[in-house]
Amino acid sequence: MSTHRVALEVNGVTREGEAEARLSLADFLRDVLGLKGTHVACEHGFCGNCNVLLDGESVRACLMFAVQAGGRSVTTVEGLTESDGTLGRLQRAFHDNGGLQCGFCTPAMLVTAHEYLEAHPDGGTDTEIREAIDGVMCRCTGYQHIVDSIRAAAAGAP
Amino acid sequence: MSIAEQDPNAAKVAADTAAGDRPRRWLGKSLNRVEDPRFLRGQGRYLDDIELPGMLHAAVVRSPHAHARIVSIDTSRAEQLPGVVRVVTGADVAEHAAPLPSFGAGPIVQDMIATEKVRHYGETVAAVVAESRYVAEDACDLIEVVYEELPVVLDPVAARADDSPLVHEALGTNTAYERTFSFGEVDRAFAEADHTVGAELYWPRSTGMPMDMNGAIGDFDPGTGVVTIYANSMNFTYFLWLIAASLKVPASKLRIVPVAAGGSFGSKFFMHKVPTFAGFLSMLVGCPVKYVEDRIAHITANDHCGSDRRYEASLAFDADGTFQALRISCIDDYGAYLQFGTGTHGNALSQIVGPYRIRHVEYSLAAVLTNKNQQGAYRGFGAEVSNWVLERLVDMAARKLGLDRVEIRRRNLIPADSFPYKTPTGNIYDSGNYQGVLAQVLEESEYETWVAYRDAARAEGRHVGIGVVASQERSVFSSTEFWFWFDDPQFTPTSSPESASVRIDPTGELVVTLHSQSMWGNSPETVVSQVVAEEFDVDPASVVVTYADSQNALPGTGPGGSRYTVMVSGAVAGATTELKDKIRRIASGKLEVAEADLEFRNGAVGVVGVPDRQLTLAEVALTAYMFRLDLPPDMPSGLAATSTYDHPLTTLPNDDRSDLGIFYPFVGHAWHIAVVEVDVETGGIEFLRYAAVHDAGTIVNPRTLDGQVIGGTVQGLGTALYEEILYDAAGRVLNETFEHYHLPSALDAPEMTVGHHETPSPYTPYGIKGAGEGGRMLTPAIMSAAIEDALSPYGVTVTSLPIRAEQIVDWVASATAAP
Chain A
1 MSTHRVALEV
11 NGVTREGEAE
21 ARLSLADFLR
31 DVLGLKGTHV
41 ACEHGFCGNC
51 NVLLDGESVR
61 ACLMFAVQAG
71 GRSVTTVEGL
81 TESDGTLGRL
91 QRAFHDNGGL
101 QCGFCTPAML
111 VTAHEYLEAH
121 PDGGTDTEIR
131 EAIDGVMCRC
141 TGYQHIVDSI
151 RAAAAGAP
Chain B
159 MSIAEQDPNA
169 AKVAADTAAG
179 DRPRRWLGKS
189 LNRVEDPRFL
199 RGQGRYLDDI
209 ELPGMLHAAV
219 VRSPHAHARI
229 VSIDTSRAEQ
239 LPGVVRVVTG
249 ADVAEHAAPL
259 PSFGAGPIVQ
269 DMIATEKVRH
279 YGETVAAVVA
289 ESRYVAEDAC
299 DLIEVVYEEL
309 PVVLDPVAAR
319 ADDSPLVHEA
329 LGTNTAYERT
339 FSFGEVDRAF
349 AEADHTVGAE
359 LYWPRSTGMP
369 MDMNGAIGDF
379 DPGTGVVTIY
389 ANSMNFTYFL
399 WLIAASLKVP
409 ASKLRIVPVA
419 AGGSFGSKFF
429 MHKVPTFAGF
439 LSMLVGCPVK
449 YVEDRIAHIT
459 ANDHCGSDRR
469 YEASLAFDAD
479 GTFQALRISC
489 IDDYGAYLQF
499 GTGTHGNALS
509 QIVGPYRIRH
519 VEYSLAAVLT
529 NKNQQGAYRG
539 FGAEVSNWVL
549 ERLVDMAARK
559 LGLDRVEIRR
569 RNLIPADSFP
579 YKTPTGNIYD
589 SGNYQGVLAQ
599 VLEESEYETW
609 VAYRDAARAE
619 GRHVGIGVVA
629 SQERSVFSST
639 EFWFWFDDPQ
649 FTPTSSPESA
659 SVRIDPTGEL
669 VVTLHSQSMW
679 GNSPETVVSQ
689 VVAEEFDVDP
699 ASVVVTYADS
709 QNALPGTGPG
719 GSRYTVMVSG
729 AVAGATTELK
739 DKIRRIASGK
749 LEVAEADLEF
759 RNGAVGVVGV
769 PDRQLTLAEV
779 ALTAYMFRLD
789 LPPDMPSGLA
799 ATSTYDHPLT
809 TLPNDDRSDL
819 GIFYPFVGHA
829 WHIAVVEVDV
839 ETGGIEFLRY
849 AAVHDAGTIV
859 NPRTLDGQVI
869 GGTVQGLGTA
879 LYEEILYDAA
889 GRVLNETFEH
899 YHLPSALDAP
909 EMTVGHHETP
919 SPYTPYGIKG
929 AGEGGRMLTP
939 AIMSAAIEDA
949 LSPYGVTVTS
959 LPIRAEQIVD
969 WVASATAAP
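If you read the sequences in order, they're chains A and B. Using the numbering used here, read the first sequence as starting at 1 and increasing by one per residue. Using the numbering used here, read the second sequence as starting at 159 and increasing by one per residue.
Next up, chain A with everything else stripped away, as it sits in the complex (with noise of 0.2 Å):
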């Protein structure tokens, strides 16, 4: 098995490490570089609880080799942290509108949400948000709170 330097843009940080030619871009993400926020929930690309973007764009870091992303940027649930630590926008939304309860999926469900308002800035119809994250699984809120969470960002209610 080959092994590869691997290096990208993570959350606007330059970050390098090796990886065997089969490592998937989770894996990477959380055993090379340490990022344990992107969980892997099925392998298979069903779930969608592995998303992070790519060049802004949402995809399953299960289903992407690490090699794959070498040159790219990166934005996983750490990114969304504001610098000094505290929560994000949308962090803080889910936060105040129940939008977690394990919070397994969570940071797949950011992410995803924050693609989402990048390309809608006024934060569309719900069916529009539902959509969305309709390939982002999550067992247990039955979706809505995650919904008014994503609303609520864009509105920018506290």
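Hints were generated in silico from the structure; no laboratory data involved. Backbone N, C-alpha and C fix where the C-beta goes; we use that ideal spot for every residue, glycine too. There's no promise every hint is true.
To be verified - Each pair of labels, with its calculated beta carbon distance range: (1) Arg568(B) with Asp84(A): 52 to 62 Å; (2) Asp968(B) with Gly12(A): 48 to 58 Å; (3) Asp126(A) with Asp174(B): 36 to 46 Å; (4) Gly12(A) with Val443(B): 33 to 43 Å; (5) Glu131(A) with Val315(B): 58 to 68 Å; (6) Ala7(A) with Ala252(B): 46 to 56 Å; (7) Met213(B) with Gln68(A): 21 to 31 Å; (8) Met213(B) with Glu131(A): 50 to 60 Å; (9) Glu131(A) with Tyr360(B): 27 to 37 Å; (10) Glu131(A) with Gly264(B): 46 to 56 Å; (11) Gly212(B) with Ser2(A): 23 to 33 Å; (12) Ser2(A) with Lys411(B): 36 to 46 Å.
Following the hints, position chain B against chain A.
Just chain B, lined up with the frame of chain A:
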């Protein structure tokens, strides 16, 4: 029912926490959860996020057969792979470990790795410990197992035949348990009733399916002989000694460290396989070993599939709709092992008559073993199934009488003046206002408007249907339900306690230590913060919550059966009462005022009516820890208290089991109303309105309660419409990934309203009742009712789940094709 006679400690807690004159300041508020920030930052520290120095990783070889004898295992190629540390098989288990715990009767032995034969697809056959998970999985592919296939038993009815192959030869039968319970005069009631309805009903096997799977890290310390196991839950304070027995270590040498779990829904309730396995591997190799299930392992071989039941059920009732008697016969397919015995039917028996005045009940159960994964706990623990059965029968009775489905229910509701209400099985319902909840849901849903809408739509040829269903939500189990099945049980526990430690440290920080597993999607830290804040009148955000590991833990049972909020509140209230007494004594001396004239306000204890005569809790705490001579002479230093709160209302079953005693008495109540439109071309379902009203007693946090209700409702939607673990004729799981096992997504789920009705329990701390499972107890019944109503032009009766889209299309096609 006198709680004071039954349990003086619980009576004192109930009295101390009863709503007094002072309005509650923190309980009942939709406060933000204190758990959230770490999870929002991606710092939840789930099991797989933990790295220990020198930690190795395990992967597992799983059986491709449902039933086969293991002839030989060749591990030599795997052992030669660089990075592999050890290959482990059933021979190691047989030599070094004892079987896994089981609550079932009879010789049904389960090992953490199969020793002689495999009994279901996906069962663990061998394991590899290696330097990385990738290498461990590579090595698994190099292990060669020779099997001798055996005839498989998949149909639980066929499994009961004398000539059926046996899952456990030592048992001599596949029927692990069989008994008929009779409460009241069932035969007479059926004979005398004007009408009966009956049906064969099928509830399919599904599972809680959390996003985070079961995982553990074993960390054996050869120096002390202590096995530390980090586990994403398992009710470790309740069951520690059983895990220790499997590992053949004294319980004092087993240390379980609770780790947050990304969801359970029953699947991590006494998670006995994975933590034991990780501990065992660590003991073999002498360094830390992590094992986390992958999704295929979780679907095919997790600790807890849900119920898998075939029913014959009937309801007897009079011409005016009055229910008289209920007769239920159930064959439950438990799979290959009987982990929890038949406790999931104890749940059913706690509320078998629902909210209705049915006085005569017969309940027959056959618990059958087959070559499938084992059954265990899933949100509702079996009572969600019996509620679906009962509500199906009620809808059938309404149809038979031509009576409105709301009206027939209204006529049979237990009246508000009959509580505590003793049900036929012996369990009580503590309190309730069922007519009030019904009136509220009809109003909040604008039911009459929707009835008119449906009728108009139907006249236009649209397929709009309404479902209206009720459910009880029993909460706070007693351990008697695990043994009252037997005339001569071997072990008859009556404890299911919960503990809390509360201290104010010398800097004035309030610290609560919990003695059960870490959070798994519920919000124990928020609950105890609100309770402590209520008692001391401090900001809940200032309360620090920690978890004890098993070597420091007091008695506990953990979440499950909608018990934790009630029980931990009782434990925290007990500890805070003791602490407050101590603080009052200290402050009384320092402020030179009678204790009765002191109150807790804004983080201080002060003289009533004199705002500037007070001591902050920090000042009292510093005195308590550092100024012994300022304390009353009989008072030891420090400011800490612990309390263990027991189930307050357990009573024993009688000898002939015609009365099972009180075992699940704090009973919430809920109604859901759904309006759906069915697309008969595609089988698709659109929600036009979904309204729920729940009465869970005193509410601790309305928003988190809403979250439990909505989440449970959508999980129940999966049970109703999508989810079933499918086995092929050879017993292989057909849908072992999320590609073929569909969970409800954001577009599947309804936008719903949740209303609350508060009937405080007279017996529990603050009047709280449990509420974690309720949503899922209603959705299967309501979707059955609403779809049936929408398809009424086609004469459809829903008797099995899930109601797949293709099923709907088939119903319509066959009804339309009929001559």
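Take the C-beta atom of Ser2(A) and the C-beta atom of Lys411(B), compute their distance, and say whether it sits inside 36 to 46 Å. holds (45 Å)
Outcome of range test on Cβ distance (Gly212(B), Ser2(A); 23 to 33 Å): holds (27 Å)
52 to 62 Å was suggested as the range; check whether the CB atoms of Arg568(B) and Asp84(A) agree with it. Once the Cβ atoms are compared, 58 Å apart, the range 52 to 62 Å for Asp84(A) and Arg568(B) holds.
With respect to the beta-carbon atoms only, verify the hint that Glu131(A) and Val315(B) lie 58 to 68 Å apart. The hinted range 58 to 68 Å is violated for Glu131(A) and Val315(B), with Cβ atoms some 44 Å apart.
Hint check for Val443(B) and Gly12(A) - Cβ pair distance inside 33 to 43 Å: Because 41 Å falls inside the window, the suggested range holds.
Using the beta carbons of Met213(B) and Glu131(A), state whether their distance is inside 50 to 60 Å or not. violated (41 Å)
With 27 to 37 Å as the target window, see if Glu131(A) and Tyr360(B) comply at their CB atoms. holds (34 Å)
Beta-carbon spacing of Asp968(B) to Gly12(A) - inside the hinted bounds 48 to 58 Å or not: Since the Cβ atoms of Asp968(B) and Gly12(A) sit about 54 Å apart, the hinted range of 48 to 58 Å holds.
Taking 36 to 46 Å as the stated bounds, is the beta-carbon spacing between Asp126(A) and Asp174(B) within them? holds (45 Å)
Are Met213(B) and Gln68(A) spaced within 21 to 31 Å by their CB atoms? Distance hint for Met213(B), Gln68(A) holds at roughly 28 Å.
How does the Cβ-Cβ distance of Ala7(A) and Ala252(B) compare with 46 to 56 Å: does it lie in that range? holds (50 Å)
Just to be sure I understand the hint, the distance between the Cβ atoms of Glu131(A) and Gly264(B) should be within 46 to 56 Å; is that true here? Holds, at about 52 Å.
In summary, the numbered hints that this structure violates are 5, 8.
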